[in-house]
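Here is what each chain is made of, one letter per residue.
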Amino acid sequence: MNRLHLLLVLILAVLSGLPLVLSKYTLGIFIMIFYYAYLGQSWNVLTGYTGHISLGHALYIGIGAYTSVFLAQHYGLSPWVGMFAGGILASLVALILGFLGFRFGLRGVYFVILTIAFAEITRLVVSHIEVLGSFSGIFLDFDPSFRNFQFRGNIPYYYIALTMMVLSLAAVRLIEISKLGRFMVAIREDEDAAQALGVNTFKYNMIAIAISAFMTALGGCFYANYIFYLHPDSLFGMGLSIELILRPIVGGMGTLFGPILGSFILTPLSEVSRAYFSKGGLEGMHLILYGIITILVVLFMPKGIIVYVRQWLKPLIPERKGDD
Amino acid sequence: MALLEINKLTKAFGGLTAVDGLSFEIAGGEILGLIGPNGAGKTTVFNCISGFLPPDSGDVTFEGRSMVQRQPFSICKRGLARTFQIVKPFPAISVLDNVMVGALLREPSVSIAQAEALNIIDFMGLKKMTRQEARGLPLPLRKRLELARALATKPKLLLLDEVMAGLNPTEVDELIGLIREINDQGVSIFMIEHVMRGVMALSQRVIVINYGQKIAEGLPCDVVLDNAVIEAYLGKEFISAQCT
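Sequence lines, in order, name chains B and Z. Position 247 (the first sequence) corresponds to 247 in the working numbering; numbering is contiguous. Position 30 (the second sequence) corresponds to 30 in the working numbering; numbering is contiguous.
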């Protein structure tokens, strides 16, 4: 264990102890930090590591949320099981999208349009299905128990969100050091060169999009049972799709800690400034602030803020062996 | 049986027939050179063999199996690797990580693949740059990286597309030595090259194409004396330079 690991364990210990001292409101902000870090990490698998830009990841959040809630309300299935059903369904939808995109070589903006189209079509379809609450959405009945994924107070949600963030970090780390991750990065860097080196790019693209969708959908299930309300516009909408990619972009795409760092910077800013500005009658002002920060980061730190944090942490990172 | 057989290969882009009924063979262990003027269709031949372009007609047979209709990755898996004339490094990752992608084709274990990649990097003289990002390498070293990556896939036949272009004479000589060593290890080589110094030093046989058709084939020293080749490609100065 080196000093960097020690630092991470220390941070994790502090985060685990926070509920003892923080107010319910502040805990709520931390839950959102973990939640968006988790979503950003899920998106990072497809866009950051494999290089295919998805602007429709809300699709998978929506599928995860609606599937688990639908199965709980109509079949009494625990959301703990339903979330995996949602994950699998999201993966299947992603594989259809991926097949169309990757089989027919849609790259760049054309792939982006495909992801937006899938999310928007699903939003409209769900808005017209009666059993899914159509336009007015679904309210969840409050029946707190572990089995129902519903709890009084914020503390259980805090630990679930923290666990999800840590697990997503571990999952992406495992991918990163494996053959799978190396092939994904090769595809991102140059798809033709990857092919020429024997990488079945279609297969690895499909694996990447399926993993990304699966992870994202689990986040959707968490959100539904935290907010107790599903609405097609907010769960499948473009707004959420954009919201969830800002953090990994600002933090650093294609890096392990970028999405987490981005969420720790942007989420509190969003929550606090939203509360502050709407008190002054300036609703929406926080979005402008957001836009400005994103533009500044893209202009001056195109690789994300993580690059600078790495510089500060350099003394903690052990020298790599193997070259002399 | 020949390692690679090209039979009446034809590829047209609109009205332009880039490769026109081309047939030739490469024997196991051979170094074959492909030369010809710019636009003669050399790279198109490579693209058809390596699966990046589907030929309009004709067949490409590698170890008795047809490679037509196969995707590039599957052709590489069979043992036929290529480099690109305009090099395509993975820019944002290190030289080591670049070469490891190739090594992972045959070696499932990441740590063994890393050891193999380090060996190849050492062999190609890139050791000092092992941890550098590929985007920072100057062109001559990028060309070596391109070769190193292809070599890491353990090919039986290596297609080299102008790996010597843009190198100075010393660098060309170093690369000649390396390619000869690769060939000595049993890898057959099919190279497109404009640097005649390299072609003459390495090739056991040379094919000359112009407008997609073969205009000469034979030993390098015979081919450069062929009138059609001088006319189409080398120019008279080449002969006077060679003879003096």
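Don't read these hints as lab results, they were simulated from the structure. Values in this document were obtained by computation on a predicted structure and should not be read as measured data. Take these hints with a grain of salt, some might be off.
Unchecked claim - Only part of the chain Z face toward chain B is listed, based on derived beta-carbon distances under 8 Å:
(1) GLU25
(2) GLY28
(3) LYS77
To be verified - To be clear about the criterion: a stretch of chain B counts as covered by chain Z if any three or more of its residues have a C-beta under 8 Å from a C-beta of chain Z, and this derived list gives those stretches:
(4) 172–184
(5) 292–302
Backbone N, C-alpha and C fix where the C-beta goes; we use that ideal spot for every residue, glycine too.
Results of checking the hints against the structure:
With 8 Å as the threshold, the beta carbon of GLU25(Z) stays out of range of chain B, its nearest partner Cβ sitting at about 23 Å, so the hint is violated. Annotation: interface hint on GLY28(Z) violated; nearest CB of chain B at approximately 21 Å, more than 8 Å. Contact between LYS77(Z) and chain B, as hinted, is supported at the beta carbon level, the nearest pair being about 5 Å apart and thus within 8 Å. For the stretch 172–184 of chain B, the stated coverage by chain Z holds: 5 residues have a C-beta nearer than 8 Å to a C-beta of that chain, and at least 3 were required.
Coverage of the stretch 292–302 of chain B by chain Z is violated in this model, with 0 residues showing a Cβ closer than 8 Å to a Cβ of that chain against a need of three.
Hints 1, 2, 5, counting from the list given before, are not met by this structure.
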